[in-house]
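Please take these sequences and the hints and turn them into a complete structure.
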Amino acid sequence: VESDAGQHVVTCAPEDLNAVRDALEGRFGPAGSAHLVWRPRTTAPIDEETATTLFKLLETLEDSEDVQNVYANFEVAEDVMARLGA
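Each residue of the sequence shown is one higher than the one before, counting from 10 in the numbering used here.
If you are wondering where the hints come from, they were derived from the structure by calculation, not from laboratory data.
Here a beta-carbon is modelled for each residue, glycine too, at the ideal position from N, C-alpha and C.
Among the clues, some could well be false.
To be verified - Simulated DEER-style distance windows between Cβ atoms:
hint, residue 1, residue 2, range
1, Lys65, Asp88, 16 to 22 Å
2, Gly94, Ser42, 27 to 33 Å
3, Gly38, Glu71, 30 to 36 Å
4, Phe64, Phe37, 34 to 40 Å
In structure tokens:
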């Protein structure tokens, strides 16, 4: 469980999502949302040039009405993120 600013993120197996949601709602009331989020098990470090290109691709995908969700497994160093203004 991760908590910040009134939001709680509970990690569980995908097949347990409904049971966990029901148990928490039974104790604490309705959830703001309950859904699966795919998180990578491994990440791939990328450099500034690749990050710039990848961010443009991700923005294009997220702007498309035909794309519902976008997931990625890249890792960008903090100094690179600061230079890119992200």
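**OP:** Give me the numbers of the hints this structure contradicts, sorted from smallest to largest.
**Re:** Hints that this structure does not satisfy do not exist here, as all of them hold.
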